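Okay, here's what each chain looks like letter by letter:
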Amino acid sequence: MSTVVEELDSIGERRFEPKAKDINEDIAWAKINTDVLRSLERPRPIFWVIFLSAVALFGVGVACEIYQYKTGLGVAELRNPHVWGLYISTFIFWIGMSHSGTLLSAILHIMHADWRKPIYRFAEAMTTFSLMTAGLFVLVHLGRVWQFYYVVAYPNERWTWPNFSSPLVWDATAIGSYLTTSVIFLYFGMIPDLAICRDSATGFRRTFYRLLSVGWQGTDRQWSNFRITYLTIACLLIPLAVSVHSIVATDFAVSQQPGWHTTSFPPYFVAGALYSGCAAIITLFIILRHTFRFEEYMTIPILEKLCKLTFAISMVWTYLNLIEYASTWYGTDVYAKQALIYRATGIYRYWWWAMNFLGSVVPFALAFKALRTHVPTMMVVSLLLNLGMWIERFMIVTPTFAHGYYPWTWSDVWWPNWIQIGIVAGSFGWFTLLFMLFCKIFPSVSMYEVKEMVYHRIRARK
Amino acid sequence: MNKKTYLMALFNDFDAAARAIASLREATIAGFAMKDVTLKSPIDHPECAAELGSRPVYIQIFSLIGAVLGSTLGFLGISSAQANFLRQPRGGFPIVPLPPNMVITYELFILTAVFFTITACLVVWKIHSDKNSLYSVSISVDKIGILVKAEPSAIDAIKQIFNRQHALEIMENARV
Numbered sequence: 026m027s028t029v030v031e032e033l034d035s036i037g038e039r040r041f042e043p044k045a046k047d048i049n050e051d052i053a054w055a056k057i058n059t060d061v062l063r064s065l066e067r068p069r070p071i072f073w074v075i076f077l078s079a080v081a082l083f084g085v086g087v088a089c090e091i092y093q094y095k096t097g098l099g100v101a102e103l104r105n106p107h108v109w110g111l112y113i114s115t116f117i118f119w120i121g122m123s124h125s126g127t128l129l130s131a132i133l134h135i136m137h138a139d140w141r142k143p144i145y146r147f148a149e150a151m152t153t154f155s156l157m158t159a160g161l162f163v164l165v166h167l168g169r170v171w172q173f174y175y176v177v178a179y180p181n182e183r184w185t186w187p188n189f190s191s192p193l194v195w196d197a198t199a200i201g202s203y204l205t206t207s208v209i210f211l212y213f214g215m216i217p218d219l220a221i222c223r224d225s226a227t228g229f230r231r232t233f234y235r236l237l238s239v240g241w242q243g244t245d246r247q248w249s250n251f252r253i254t255y256l257t258i259a260c261l262l263i264p265l266a267v268s269v270h271s272i273v274a275t276d277f278a279v280s281q282q283p284g285w286h287t288t289s290f291p292p293y294f295v296a297g298a299l300y301s302g303c304a305a306i307i308t309l310f311i312i313l314r315h316t317f318r319f320e321e322y323m324t325i326p327i328l329e330k331l332c333k334l335t336f337a338i339s340m341v342w343t344y345l346n347l348i349e350y351a352s353t354w355y356g357t358d359v360y361a362k363q364a365l366i367y368r369a370t371g372i373y374r375y376w377w378w379a380m381n382f383l384g385s386v387v388p389f390a391l392a393f394k395a396l397r398t399h400v401p402t403m404m405v406v407s408l409l410l411n412l413g414m415w416i417e418r419f420m421i422v423t424p425t426f427a428h429g430y431y432p433w434t435w436s437d438v439w440w441p442n443w444i445q446i447g448i449v450a451g452s453f454g455w456f457t458l459l460f461m462l463f464c465k466i467f468p469s470v471s472m473y474e475v476k477e478m479v480y481h482r483i484r485a486r487k
Numbered sequence: 026m027n028k029k030t031y032l033m034a035l036f037n038d039f040d041a042a043a044r045a046i047a048s049l050r051e052a053t054i055a056g057f058a059m060k061d062v063t064l065k066s067p068i069d070h071p072e073c074a075a076e077l078g079s080r081p082v083y084i085q086i087f088s089l090i091g092a093v094l095g096s097t098l099g100f101l102g103i104s105s106a107q108a109n110f111l112r113q114p115r116g117g118f119p120i121v122p123l124p125p126n127m128v129i130t131y132e133l134f135i136l137t138a139v140f141f142t143i144t145a146c147l148v149v150w151k152i153h154s155d156k157n158s159l160y161s162v163s164i165s166v167d168k169i170g171i172l173v174k175a176e177p178s179a180i181d182a183i184k185q186i187f188n189r190q191h192a193l194e195i196m197e198n199a200r201v
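Line by line, the protein sequences are chains A and D.
If you're matching positions, the first sequence starts at 26 in my numbering and goes up one per residue.
If you're matching positions, the second sequence starts at 26 in my numbering and goes up one per residue.
Hints in this document: simulated from the structure, not taken from any laboratory.
Given the structure is predicted, the values throughout are model-derived calculations rather than measurements.
Glycine included, C-beta positions come from ideal geometry on N, C-alpha and C.
Incorrect hints may appear among the rest.
A partial selection of chain A residues facing chain D, derived with a Cβ cut-off under 8 angstroms [what the hints assert, rightly or not]:
1. 50
2. 54
3. 55
4. 72
5. 173
6. 220
7. 239
8. 242
9. 249
10. 252
11. 268
12. 381
13. 385
14. 467
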């Protein structure tokens, strides 16, 4: 009997074990400032390894782009029907990455999920730099880069007017609006922290932060206006983010190509964007946590919450993916069905199965607490998820071109060559370069919001 | 213009600051008005700021104006430009594709609303900024400041109130 009681007691203890706190609530506010400001001064040496690797990777991309620019798109093996190649696949990938910042910042802000506070800043930065990287691919894939402005809707003297019925024009407007709004949102949310930097900096850095902090003194009027403005921009940013990736989806969905002409493409793209973005946030979370000594702020309980969120979104993406397969399989469009069969059995089949495995099976690792709380495992899993999402974009673009309406395209085996791979690698270098520079110059953990978080949690506890 | 003095007291926590503001409100001091009291804090604290009385925020009105202007002028601008330009290469008939224009209008509606919102906020901050005002870097760390602008005759009474609420430090700055 006593054994049973002891066993029940132990079960009870396990069941009612207090949850680990997202953050140490007793942390002093001065320490928050010190820790975050220290990250601007003395990151771990790994920072320089990452930074220099990014510079090298970016250099490779620049060299490839210069060669392509001077010689022509032929060096990238772009030819009819494979006119987009890796460039547009990677463009979609970077646009997708940009959505997580909005999710973490705006949506969770509106939902009062305060665990986002230590990590949303770098997610917003990720949004901005992802968009800047995505924008490069619009230029890179053009045959005549110097005429890039043809895509922008403006009156001109050439007697050519942008085709407003084309989603490419909508794309330019939507991405331009999203980038502008994201930069504003990122900067505006940083103003109180820039004032903290101003107050502790000296020399030219003080001048730099003073200009950016626009006279912030933390007055009640400033805070009340700040709160309303931030909330308003957050509310405006959410529909904008959804519209951006919906419009990127319509680049494909409004075409007649088999495999693209699907009504579920916009929600599928948005889900995929949130999914890859969340996976990228996990990767960057782990990197920043170590590089900038943010173990006290980017804690394991917050990582767990991120993983749960990513898992939920991965299941939404899986569902929409299956819906797309089912609607094509049971639909009457023979060409679309053939394109689907080609993906699963043609020359790109390994990539297609890898995409489904990495996108729909690997995320189940996030369902296990033991794995979720193991940082190296989560690093590997997040990278695999992102690889899966990158392959997804490749599988959207390439097999459709390889198995379109014209039979002559069916025998055209196409793989990206080193120029394309070099430029794609360069884009990762460019992104990492910008991101690491941002984290070195600006506080990547929101100091005032972490203070708010611990303050309100202590109040609630009392 | 009357010569006014700035006085700022620093407190350790919001409770002490709230008590000090309540005491200022209850006291009847000649040459001092509650509208000249400003709370400076490292975090947003609406409850404490509410002790200062109603200070409405009008930012949303500007957001609305931006949204309405962005959507109407954006739509009209794109449509009228199309009607004027497309008639030239296409033989004189104005063409305005409404559904695509709605998509671009949607983006402009949000973008203009965001521009108006942030511009309004920055302008409001500029209007309320006071270069003669007092500031302490400890406010950006963990202290709460109460800034008062008052006639010199009221300063001693205000200082007494701050001291009664255990102000850590009182700063003073006489300005015209």
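What are the numbers of the hints the structure violates, in ascending order?
-> 1, 4, 5, 12, 13 and 14
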